[in-house]
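Chain by chain, the residues run as shown.
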Amino acid sequence: MASRPSSVIAGSWLWPFAGLLLLLAFNGLFSPGFFQLELVEGRLVGNPVHIAVQASKIILVAIGMTLVIATRGVDLSVGSVMAMSGSTAAVLAAAGVPFPILFAASLAVGAATGLTNGLLVSGLRIQPIVATLIFMVLGRGVAMLIAGGQPRPIQNETLLFLGNGHCWILPLPPLLALAALFATAAVVRLTPLGLFISAAGSNETAARLAGLPAARIKALVYTFSGIAAACAGLIAAARVETADPSRLGELVELDAIFAVVVGGTALTGGRFTLAGSLAGALFIQTLTLTMINQGMPPEITPVPKALVILAVCLLQSVEFRKRAAGMFRRPAAAWTPP
Amino acid sequence: MNLAFQQRWLPTLVTAAVLLLLLGVAGALYPGFLRPLVFANILRNHAYLGILAVGMTFVILSGGIDLSVGTLLAFSTILLARAIDAGLHPLPAALAVAAVGTLFGAGQGMLIHFFRLPPFLVTLAGMFLAKGLAFAVSLQSLTISHPHFDAAASFRILAPGGAPLTTATWMFLFLLAAAILLARQTRFGRNVYALGGSEDTALLMGLPIARTRVTVYALSGLCAALAALAMTLNTRSGNPAIGLGMELDAIACAVIGGTLLTGGVGSVFGTFLGVLIFGSIKTALDFHGGLDSSWLRIAMGILLLAFIVLQRALSRPGSNTN
Amino acid sequence: MTASLNAPLLQARAVVKGFPGVRALDGVDFTLESGEIHALMGENGAGKSTLIKVLTGVYPRDAGELLVSGAPVQPRSPADAERLGISTVYQEIHLLPALSIAENILLGRQPGPAAWIDWKSLRRRAAAALERVGLAGLDPGAPAGTCSLAVQQLIAIARALDVEARVLILDEPTSSLDEQEAAALFALMRRLRSAGMGILFVTHFLDQVYGVSDRITVLRNGRLAGVFPAARLSRLELVSHMLGKELTGAGPAQEPGPHPHNKGDAARTPVLEARGLTRRGAVENIDLHLHRGEALGLAGLLGSGRTETARLLFGADRRSAGVILIDGKPVPLRSPRDAIRLGMAFCSEDRKGEGIIPGLSVRDNLVLAMEASRGTLRRLSRTEQEQLANRFIETLRIKTPSPETPIENLSGGNQQKVLLARWLCLDPSLFILDEPTRGIDVGAKVEIERLIARLRRKGRAVLFVSSDLEEVVRVCDRITVLRDRRKAGELSGAQLDAAAVMRTIASSGPLPQPAPGVDPAHS
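Protein chains in written order, with my numbering: chain Y, 1 to 338; chain F, 1001 to 1322; chain V, 2001 to 2523.
Since the hints were derived computationally from the structure, they do not count as laboratory data. Predicted model, so just to flag it, every value in this text is computed and none were measured. Warning: the hint list may mix true and false statements.
Unchecked claim - Straight-line distance between alpha carbons at most 20 Å, and here's what the computed EDC-like set of lysine to aspartate or glutamate pairs gives:
1. V:K2053 x V:E2065
2. V:K2053 x F:D1200
3. V:K2399 x V:E2447
4. V:K2352 x Y:E204
5. V:K2053 x F:E1199
6. V:K2445 x V:D2350
7. V:K2053 x V:E2043
8. V:K2245 x V:E2447
9. V:K2458 x V:E2447
All chains should be modelled from the sequences, with the hints used to inform the complete structure.
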């Protein structure tokens, strides 16, 4: 059989970067001063910085989502996990718990949810959408319960610093997100985990026959996604200095899936690219900002997002390519006429 | 072994038992809970959810999922409000909104069927799209005022016990009855079950798969539009900001009602029970006062988990390759 | 139909159907008369299922003609074929377990006005259809999933018969039935035959072929190998037509090849032994043993249980009974991981579905088993991986542009070599190779055979499964022959030649286990 065409069109992480550059070029041409950066009170501000800050929570969630999608799964619970971890941190902070403990507790909430998802998927063999849907519903309720049903101010200096602090002239959240991305990339590249994840996602039977503990790998990946989402929840809550259990992380699962898919990791599992997901996350955020700069109310920005994700999926769809190719070349006659 | 029998009826029986238990406990805790008036209010307040869940039931029965219905509902309410605001009579406006919803759903169905895209992804995009379109129609909520619309909204029939049945309630009940018939008594309905049971088998049996699948999503879109109508009859306004999370409520109602998320098993009547459970929990929480709505989500989440694990356990013995 | 009365019920003339890279059917003729049961036989890749799919409109054909009662037809879908009177019951029973029996029989053609369903007449019609297949007592309202597989099979036939079918195609209908159930099915088939129906019957069980069919069409490699009246074709002839091996007079004409290996020595402890290996619906009571430095062949027709046995030994499927002993000690072997820890390696016959990991590079595919056995923390460095990959690319002569090429870009033979290398780097003591040479070019085939010889010289044991008898005889010292999911015999030493294997496959005489006998009252 011929080589898979997806490796040419969809598999490359160059495409999302190319798309990102194109979008940036558009902005450079049509909104003068788009790339302008200035120092205000010793901090760098400007559109690119704004994009990076806004994208950081998507990047964090997308790190976990990339690995989950690489195993041919999906994690819909990440938004609720963000709400749970943010609320946990806020409540513990209000009780005067020191940062290391509240940090660990928040991540533990994410890890526990992720592990449960992983066990439902790999142990009970429930489809990933269904298993994680349960915690999408349940988690939001738990978050509201933790926070007592209302937004809670974050009262911990260290945590607030994570969301709003600066390192030299650069804002902290994107730096943290990038650090997490590089750390994850290092772990999956320097240990065989990346290989195992891709193998389990691309051909689970073959992986099992080669001796891979595919079920354990899946459980691990969902747990990791839970932890990544919990980190995102902490930073997002710290950024706005409140944990709103009903709004924190709302729709983030969509943005993260979007970032991963646009970034070039196929929903059918297998090879994945964390760099692509980074580009994908920056792409959505830039797209959103572009639309706003062009005078579109922020509420309407989901429309272009939806159209882009559909277009990318169609490009990855084998059926679509067949049909598109068929428009230029009539298929050979199915049978000779009688 | 009567495995299939268990799969078919046990969940519905469990659902009914859960509902009775819930009503029993609520009745014991809160005097006045078990009154026709309360029941009528549950129906009225959840008519929109019931209609969404009916559409969702068909989608899930066919083996798919539709995450777009919540925001599509929001889009429909604001579209309706805008159309009436622009001077259109409510009736043609409602018909137009219903047509838009149907087309929206059919479009998603075509993408899913003809390009083999995963339903959750297409309808996720649909969710974004409808959310954005809703705000494109109007950034703020719009009040609907038209004499005929007001008349429809305040119309009610008093059932025995003084329970008022409003237009929205009637819409839900009529639609429910129609959906039960559609699922049980028509070829289309049975084809939906077959498609969800096994697409390969349905194909080999020569069933019209493409038509069935596209119709299912179109029906779900139509239900979202009708649900929007039921909601505007209650609120007398269109609001672009609502809808998020309603798709989850609708899915939860269907699943708790015994519909298997993998498709092919379930019933519209079960979904009705699921909606009643949802409504009863919510109303009981209202009766209690102090409790916030987080418990509703938690209760639904736990029921969802319990039902999915139960169904998994029931369908397990069939496939025992390790 | 305005066709002549003497025209055959169903006829295919010079049918050609190709897929990318293969010609699945190459000018095949097939004729089915009314009132006959016609067996379609052939090994893997013979083109049986392609022919059935062409007849039933699942695949469009590239060339050739289809005629029903002499009139040319162009079925474009199974539904189309049904309208032409051609009904099919597939190997995997295609019923919807959650729906009622009645619905399963009548889905898509329910009685009633317009889109409405008249449940009463639906049940009546279903009951009538059930009666035709001898299931008169069954409640048509019960869910189909509550019935046994055998009854489900009959329900599927009832569905096929409900459409005024004149041709009934049964694709391996007995593969999941026990003897009594199969006998009931054959009784039904004979009844339908006497009602003038034409039945096309595919099975892998030789006894059943002779028990029930009137004529036999044999396909081989997409070509017609012959059409024979069942009464005048010996089992041995049938097997030799299926395998494409000439029968050389009497007895082993070719001397047993040079096998200078240590002959089976009963005193030594076998490195692997299986006793009473059983998996319900797959194999029954298989005994085999294998010594160091030995190559044991597993031979038999398609569906005889070769692959199933290999998979059970590796823990890829769970066995329902039987003991596996390594070096004489019973071992708990429940998963591939267990098997690998015990020094086993396994190449699946389904290279694409269960072997290669598409999307990953040759290097990644090659080091996978090694990395999996070392665990997460003791990873091979990139340099070690590259050295390993390059070493095997060199020694096995794997033709690849680079170790970083995605494996799916390699030819079948080179993919197979990568999969072998995946195990070789672990240096296991026992290789289970299921059809390692299927679908690969001659050069690679020879190299894989040489590799097996090398492994044996190093004292490794090899269990070799192949449908190519010459190859099994060439490669192995000893051959365990399977027939109809049971062990039919074992050959070694001077007995070892293709003709002897065929005779063992074809034999129906006294055997360790009684073959599933079907009442041969009808001939």
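Self-check item: Hints violated by the structure (numbers, ascending)
Solution: Failing hint: just 8.
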